[in-house]
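Protein chains: 2
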Amino acid sequence: MSKEKLEQYRQRFRSELDSVVDFWLKHSHDKQYGGFFTCVGKDGKVYDELKYVWLQGRQVWMYCRLYRTMERFRRPEILEAAKAGGAFLQRFALVPSSGSPGKCAFCLTRDGRAVKVQRTIFSECFYVMAMDELSRVTGDPDMQSDAEKMMDQLVHWVRVDPSGLGRPPMPGDPPVNSMAVPMMLLCLVNQLSEGRPAVAQKYAEMADWCVKQILQHIQRDGTAILESVSPDGKELPGCQGRLQNPGHALEAGWFLLEYAQERGDVQLQKTAVDKFMEVPFLSGWDKEFGGLFYFLDVDGHCPTQLEWNMKLWWPHCEALIAYLMAYTHSKEPALLERFTQLHDYTFTHFADPEHGEWFGYLNQQGNVTLDFKGGPFKGFFHVPRCLYMCERLLDGLLDKHQG
Amino acid sequence: MSKEKLEQYRQRFRSELDSVVDFWLKHSHDKQYGGFFTCVGKDGKVYDELKYVWLQGRQVWMYCRLYRTMERFRRPEILEAAKAGGAFLQRFALVPSSGSPGKCAFCLTRDGRAVKVQRTIFSECFYVMAMDELSRVTGDPDMQSDAEKMMDQLVHWVRVDPSGLGRPPMPGDPPVNSMAVPMMLLCLVNQLSEGRPAVAQKYAEMADWCVKQILQHIQRDGTAILESVSPDGKELPGCQGRLQNPGHALEAGWFLLEYAQERGDVQLQKTAVDKFMEVPFLSGWDKEFGGLFYFLDVDGHCPTQLEWNMKLWWPHCEALIAYLMAYTHSKEPALLERFTQLHDYTFTHFADPEHGEWFGYLNQQGNVTLDFKGGPFKGFFHVPRCLYMCERLLDGLLDKHQG
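Respectively, the protein sequence lines represent chains A and B.
Everything in the first sequence is counted per full-length UniProt numbering, starting at 1 for the first residue and increasing by one.
Everything in the second sequence is counted per full-length UniProt numbering, starting at 1 for the first residue and increasing by one.
Hints are computed from structural coordinates only; laboratory data are not their basis.
There may be inaccurate statements among the hints.
When chains are identical, the list treats them as one kind, so a pair holds in a single copy or across two.
[Unchecked claim] Straight-line alpha carbon distances no greater than 27 Å define the calculated DSSO-like cross-link-like pairs of lysine-lysine that follow:
(1) K45 with K234
(2) K5 with K331
(3) K3 with K149
(4) K234 with K116
(5) K45 with K270
(6) K212 with K149
(7) K3 with K400
(8) K400 with K26
(9) K149 with K287
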């Protein structure tokens with residue numbers, strides 16, 4: 001591919017990132033109570049005032065990452081918004097008397113009262129991401145310490161004793177190695193370790209454990225990535241065992257590739273691309289209408305998730321990052337072809353030139369069926385992270401560097 | 001409409017009911033461990049061995065009701081299957097040490113180990129339905145007492161103290177009057193009271209309370225039925241407050257109409273039809289592709305449920321019962337026209353002449369997108385209950401009675 005084509009991509013990701021940042025700066029800030037509105041309609045209008053904690057944490061993280069690493073986003077309004085979001089989280093996200101540091105709520109009212117607490121680790125994961133990245137732009141050691149304390153609690157819940165999560169053990173529901181858990185923890189280890197050798201050292205064994213847990217999801221002689229396996233890496237019975245989530249596998253793919261590149265682990269690099277990108281891409285791509293399915297059953301049964309055949313924005317975001325990173329690494333033209341295929345589908349179907357930001361939910365045929373830009377699970381995260389990562393990867397490919 | 005047309009309907013519902021009963025008799029019985037497989041594919045093949053408790057209870061109820069009230073189903077294999085299902089429930093559904101009588105699991109392994117417990121009342125509701133109806137065919141007073149004890153616990157959870165459900169109260173999540181709760185409890189009062197004046201007397205005030213709670217869902221000057229309202233009948237903020245579930249409203253409609261007819265309450269009969277049938281039918285019917293939407297937002301925002309625009313089998317089943325019951329009551333031709341419209345859509349889109357039983361999940365355009373006949377929420381219940389109720393209503397319209 002010509003340099004000109006790569007430069008065109010770079011310009012497109014760059015201008016789209018500007019537009020997406022503007023959208024959220026304009027529509028999502030709650031100047032009265034702090035924090036961010038996350039339920040915003042296609043034109044940015046707030047249609048529900050609930051504040052989803054995953055999305056509060058992710059927005060703080062994304063603002064800080066942009067502020068810290070891209071010169072054109074080093075703007076006071078972005079820093080102030082991130083700090084206000086962080087303060088909202090620190091003040092309201094933690095559920096009182098749920099231990100130390102305790103559980104985070106999943107959802108808060110506009111003024112910060114807890115609505116719901118999930119019995120999983122993910123609100124806490126995004127709290128860690130937010131606090132760590134915020135500590136890097138503010139230099140506040142308390143925030144860094146907050147992040148690390150929560151991380152240590154996460155490790156305790158996952159590897160030692162899950163009882164603090166509040167889900168009583170059930171005799172018919174033995175422990176499961178669920179892809180989301182080691183993926184998320186590996187992401188957090190990377191986050192906490194950047195430029196901090198002592199922290200990297202502290203979590204080195206944890207990172208190895210995460211990688212091993214992720215690799216256990218390669219099943220069926222390497223022909224499938226399954227979303228849930230037993231803790232010793234065996235296939236589970238029934239629908240749960242046969243479930244594939246191509247977008248999740250592709251996201252794990254670029255997490256693994258990044259980890260492997262840093263360590264110069266050639267075998268793991270190859271596994272990341274061959275198994276966590278090619279396998280889910282080839283099984284997950286809809287040959288009839290294009291786009292990646294949300295869920296599939298490895299034996300071809302119909303998944304029981306009603307939304308299985310929908311095309312969601314985030315798997316396409318993760319796939320774009322995965323293939324561009326893989327191409328940057330090996331310069332294998334076939335990988336750039338995949339990126340091009342994904343790019344064309346994604347920008348044609350998800351982007352909204354009229355109001356900015358992306359639609360999140362299409363039916364199998366590729367038509368928008370939920371038209372909001374933000375909802376309980378869609379906020380300022382997958383779209384800007386994809387645009388940001390791809391812009392940086394394209395900068396690298398074109399030898400352009402920015403502070 | 002001519003008697004011939006009504007007779008054609010009667011024949012169709014009757015033969016479809018026979019076919020649906022045969023499907024589940026053939027494919028769902030677990031002769032090794034007892035209970036019923038509920039995850040069965042389009043051809044009846046089991047694709048997951050998990051046993052969902054709602055569906056175990058519902059299948060026991062439906063078998064017993066057919067056995068008890070329709071002569072052609074008074075067959076030993078149906079009674080034996082119901083008794084085996086009831087024994088499985090009594091042995092495995094109750095979660096040990098969750099109080100007395102305690103919580104029921106939501107899902108069990110094939111051999112009866114609890115997989116998941118919901119923090120709601122519905123597994124227990126279907127346990128009550130199963131045990132009460134089973135007691136009526138077996139004459140077993142212990143089963144009747146089991147049902148009543150569980151009912152009393154449900155009433156306690158709903159009206160006195162919900163803490164036994166295991167969901168800690170959250171400051172941002174005040175109590176809600178959720179349509180499902182009074183609907184379900186009214187259904188149970190009807191179930192327990194039939195032919196038992198002392199029991200009817202015991203729960204008479206409870207039934208009145210349920211009706212009042214259901215009527216609180218009439219909102220916006222009578223132009224909308226909202227799924228969730230405050231305990232004093234006010235609209236709630238945000239998406240939760242604006243949510244409409246047309247199928248649920250229609251189901252509540254025939255529960256109310258049945259209740260009102262028994263009491264000769266003319267005003268309530270009118271409300272049941274005008275508010276709980278016409279309002280949700282007119283707002284819920286898809287004028288472009290036909291069929292009832294699953295969820296809608298009363299202000300026209302996009303619901304956040306990914307499946308909002310899908311066409312599910314059960315709202316259509318409930319709507320068929322509702323309109324045929326309403327027509328039987330008033331003989332108003334417009335109501336029979338609605339029934340005809342629903343009938344034509346339903347039998348064209350959901351029924352499967354090839355393998356029997358009905359598909360459950362269509363996209364907005366009316367194409368099958370999940371092709372199984374049974375799944376975590378679809379079992380031997382809505383389809384046969386609809387066919388059974390409609391056959392009996394048509395029997396009544398045509399002056400045919402059976403023992």
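* From the Cα coordinates, with 27 Å as the cut-off, is the pair K234 and K116 best called within, between, both, or neither? -> Classified as between; 21 Å across copies, 33 Å inside a copy.
* Quick one: K149 to K287, C-alpha cut-off 27 Å, is that within a copy, between copies, both, or neither? -> neither (46 Å within a copy, 55 Å between copies)
* Using 27 Å as the alpha-carbon threshold, which applies to K3 and K400: within, between, both, or neither? -> For K3 and K400, only the intra-copy Cα distance (12 Å) is at most 27 Å; the inter-copy one is 81 Å.
* To do: At 27 Å max between alpha carbons, let me know whether K3 reaches K149 within a copy, between copies, both or neither.
  => neither (46 Å within a copy, 75 Å between copies)
* Asked: Is it within, between, both or neither when you check K45 against K234 at 27 Å Cα-Cα?
  -> between (47 Å within a copy, 24 Å between copies)
* **Alpha-carbon proximity between K212 and K149, which holds within one copy, between copies, both or neither at 27 Å** => Close inside one copy (24 Å), not across copies (50 Å); limit 27 Å.
* Can you tell me if K45 and K270 fall within 27 Å by alpha carbon in one copy, between copies, both or neither? -> neither (45 Å within a copy, 39 Å between copies)
* How do K400 and K26 come out at 27 Å by Cα distance, when the copy is not named: within, between, both, or neither? -> neither (30 Å within a copy, 67 Å between copies)
* Asked: How would you label the pair K5, K331 (within, between, both, or neither) given a Cα cut-off of 27 Å?
  -> within (15 Å within a copy, 71 Å between copies)
In terms of the numbered hints stated before, the structure departs from hints 3, 5, 8, 9, listed from lowest to highest.
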